[in-house]
Every structure is written in C-alpha cells, then in structure tokens.
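*Asks:* Put together the whole structure using the sequences plus the hints.
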Amino acid sequence: MNTEFLDALNDLEKEKGIAVSVLLEAIEAALLSAYKRNFGSLQNARVHIDRDTGEFKVYSQRTVIDEVIDPRQEITLGEAREIDPRYDFGDIVENEVTPRNFGRIAAQTAKQVVVQRIREAERNIIYEEFANREGDIITGVIQRVEQKNVFIELGKTEAVLTPSEQMSGEDYRHGTRVKAYIVEVKKTNKAPQIIVSRTHPGLLKRLFELEVPELYEGVVELKAVAREAGYRSKIAVYSRDENVDPVGACVGPKGMRVQSIVNELNGEKIDIIKWNPDPSKFVAASLSPAKVVAVEIWDEEKVARVIVPDYQLSLAIGKEGQNARLAAKLTNWKIDIKSESQMEEIYRQGGYEDDYCQEKDDEEDYLKDDSLQEDYVK
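Residue numbering for the sequence shown follows this note's numbering, beginning at 1 and increasing consecutively.
To be clear, the hints were calculated from the coordinates, so they are not data collected in a lab.
Treat the hints with caution; some may be incorrect.
Here are the simulated PhoX-like pairs of lysine-lysine, each with C-alpha atoms no more than 20 Å apart in a straight line [as the list claims (entries may be wrong)]:
1. K223 / K281
2. K16 / K111
3. K329 / K302
4. K334 / K291
5. K329 / K291
6. K319 / K338
7. K329 / K205
8. K14 / K111
9. K223 / K269
10. K205 / K269
11. K334 / K223
12. K334 / K319
13. K338 / K291
14. K329 / K281
15. K302 / K223
16. K179 / K148
17. K223 / K205
18. K269 / K291
19. K190 / K16
20. K334 / K302
21. K57 / K36
22. K186 / K156
23. K281 / K302
Quick caveat: nothing in here was measured; it's all calculated off a predicted structure.
*Replies:* Shown next as structure tokens:
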C-alpha cells in the first residue's frame, strides 16, 4: 500500500460518499483477520495503516502483569521496562511483527474490503432514496416476469409487483413503461426490496396530483378515495377557494385530465364527487350516478338510509353491489338503500304513510342543491 492507494480512497470518498477513515478502519480489521488466518497467530495483535503514507504494520500486543502465564499475550514488568522504563502494570506493550511476505495478502484483502464497502454504500444510498419515497409514485420499465411477480427496472435497482398488487386483466409485457405506487421498502443483505402496487388507492390519489395542478398546490383537496382496482373508483374532492370548482378541476378541459388517468388505469371508471360536510348530502352524492330522493341519518351508529326512485334502485346498488360498496367506503357510513315503493310499504305497515309523503317532499327540497348536480362519472 502507498500514497496512490490513499489517493484512490479519496477519489472513492468523493464519488461514492464513503469516508476514507471508514474504509481504512475496515481494511485494518480485515488485515488483522487475514494475518491471524494465514500465519496462525494466537497472540493479540493490531494492524495500523499510516494515514499519510499508506504504509501498514502489524503489532503484537502483550499486557504487563506480575506473573506471566501465556508469554504470547503477557509480559512481566521487568521485561517491559527494558523496552521502555515508563511501562507499568496493565499497560499494553507493542512490538512490530509484520511478516515479510504479507504485502500480497494485504493488497488482495484491501481490494476485497473496498469492493464490499462500495457495494454496501450503493445499497444504502438506494435504500435511503426509496425509503423516503414510500407512498409516492414511480415510473419504470417492466424487465421480466418470474412466478407471476413482475420486476420493474428503476435505474440502478428494481421494484417487484406481486400478484396481490396487480390489477386484474392487465398484461405486463417486457419493455412496457408503467406507473406504480411504492408500498414498502425493505432493507435486505443484498439490494433493498421495493414493493410496489397498481391496486392501492394511493396510486389513484398520486395520479390525480400529477394531472391536476390545483391538487398539487393545495387549492383543491382530495378528501377520500374508494377503489376497486381495474373496475371502478370514487373520489371526493373539496375546494378551499370558492371560485374554484373542485370537480371541474379534476375533470379538466373536455375531460382531458381524468381521461389520462383512466387510460393509465386501463379503462377503470372514476366517479368524481364534490365533498360536503353535511353527511346527508355527501352520502347522497356518493351514490352517483344514481339520483337520491331522501336520506335518513343515524349519527351515533354511522348509518344512513337512502331512498331512491324505483327505476334508480339497481343503478344505486350497482353491479354486484359495487356502487353501494364504494359509496360506503368513500363516506365511511353504512348505507342502506331502499326504493320509494319499498319505503311506502314500510311506512304503510307502520301506519305512517302521510308522514312519509311529507318527509319525502321535505327531503327532496333539501337535496335540491347544486353540490349534488356536479358529480362527474367517467
């Protein structure tokens, strides 16, 4: 080892961000291990690399004691003071024992340590970069598919899209660019494991933030997301500025903004709903595109009974209950949907038919609000 070696370490520090002191300490530890392994030494020893010249030396270490039991590790006070009169009990006496032919082993060991530390540093840099991006969106290129796991290249590393995070019906072909949501970043002995998703509701949120400047700037707020990936989603949006229409901002001119997201999600339908602090209006809006006649609220139980026209019942419930299920997820309310004829029958059996008719009229007037007329379904 020489000054050229130290210069190379300094260059590595600048390029990879690995401190020279850290590398030298690791090399010293590795040289000590190599010395004991190759020369069968049982004595205590220390390896030192000169920080100015790069020269290395091996020193044996013996402790000063009163009575020596193992001369390879211990020395009497008298023998120690023959070397240096300042030694006292408990001190460590060092003698240079650098083998003549240790240079080749040292060079090879140093190279292995440096290469290993460079790899570790690169892995740590990648881990830190992506660990800070959990919950963010990434764009990569599909590299390969192994046992139904899709591996996406992200420059110096790759992410894995597991079967449970894949959208139904999507074809993941080699070389295709794809956007995904970072769910988790795990630190492993090898490269960090980056788990991404195409089904997570967070993907939909991030896509809207990319497409809608008002969302990114905070003028429009995305209050809630409910998603059944590959089929249908609902989002509730709210504007902090009364002059900005939150639904219109997300739809974009001629529907361009929402259409680009629909295309990215391979035709997944998206309902954009104006959020309302009034639970009745919000629940009614969440069942879009169905029209609602009345909503009855039980606050403590978080239960809402929604009344729709007979011809809107199937639309409100949706195919296999999907629309009602998404509305419940979006609002965080349990929603019971009844048709007008069903409610008339319920009230008739209870003898409250006149009360129901008056209540229905009142609810119709209450729900005639432009906030329920601005829903957008793509």
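*Asks:* Indicate, hint by hint, whether the structure satisfies it.
*Replies:* Consistency of the hints with the structure:
A hinted pair counts as satisfied when its Cα atoms are at most 20 Å apart, and K223 with K281 qualifies at roughly 15 Å. About 16 Å separates the Cα atoms of K16 and K111, which keeps this hinted pair within 20 Å; it holds. Restraint check for K329 and K302: the C-alpha separation of about 12 Å stays at or below 20 Å, so the hint holds. At roughly 18 Å between alpha-carbon atoms, K334 and K291 fall within 20 Å of each other, so this suggested pair holds.
Using a Cα cut-off of 20 Å, the hinted pair K329 and K291 holds, with the two alpha carbons roughly 19 Å apart. Our distance criterion of 20 Å between C-alpha atoms is met by K319 and K338, whose separation comes to about 16 Å. Taking the CA atoms of K329 and K205, the gap is about 15 Å. The hint holds against a cut of 20 Å. Of the pairs offered as hints, the one joining K14 and K111 holds, with about 18 Å between alpha carbons and a cut-off of 20 Å not exceeded.
A C-alpha spacing of about 19 Å is found between K223 and K269, which places the hinted pair at or below 20 Å, so the restraint holds. Proximity of K205 to K269 is assessed by CA-CA distance (about 14 Å); at most 20 Å being required, the pair is judged to hold. Simply put, K334 and K223 have alpha-carbon atoms about 18 Å apart, close enough for the 20 Å limit, and the pair holds. Restraint check for K334 and K319: the C-alpha separation of about 18 Å stays at or below 20 Å, so the hint holds.
Restraint check for K338 and K291: the C-alpha separation of about 12 Å stays at or below 20 Å, so the hint holds. Among the hinted pairs, K329 with K281 is consistent with the structure: their alpha-carbon atoms are about 16 Å apart, no more than 20 Å. Only pairs whose Cα atoms come within 20 Å are accepted, and K302 paired with K223 is accepted, the gap being roughly 18 Å. The straight-line distance between the Cα atoms of K179 and K148 is roughly 18 Å, inside the 20 Å bound, and the hint therefore holds.
About 10 Å separates the Cα atoms of K223 and K205, which keeps this hinted pair within 20 Å; it holds. Simply put, K269 and K291 have alpha-carbon atoms about 18 Å apart, close enough for the 20 Å limit, and the pair holds. Of the pairs offered as hints, the one joining K190 and K16 holds, with about 18 Å between alpha carbons and a cut-off of 20 Å not exceeded. The hinted pair formed by K334 and K302 meets the criterion: a straight-line CA distance of about 6 Å does not exceed 20 Å.
Our distance criterion of 20 Å between C-alpha atoms is met by K57 and K36, whose separation comes to about 14 Å. Distance restraint check for K186 and K156: the Cα-Cα separation of roughly 16 Å lies within the 20 Å cut-off, and the hinted pair is therefore satisfied. Simply put, K281 and K302 have alpha-carbon atoms about 14 Å apart, close enough for the 20 Å limit, and the pair holds.
The structure agrees with every numbered hint stated previously.
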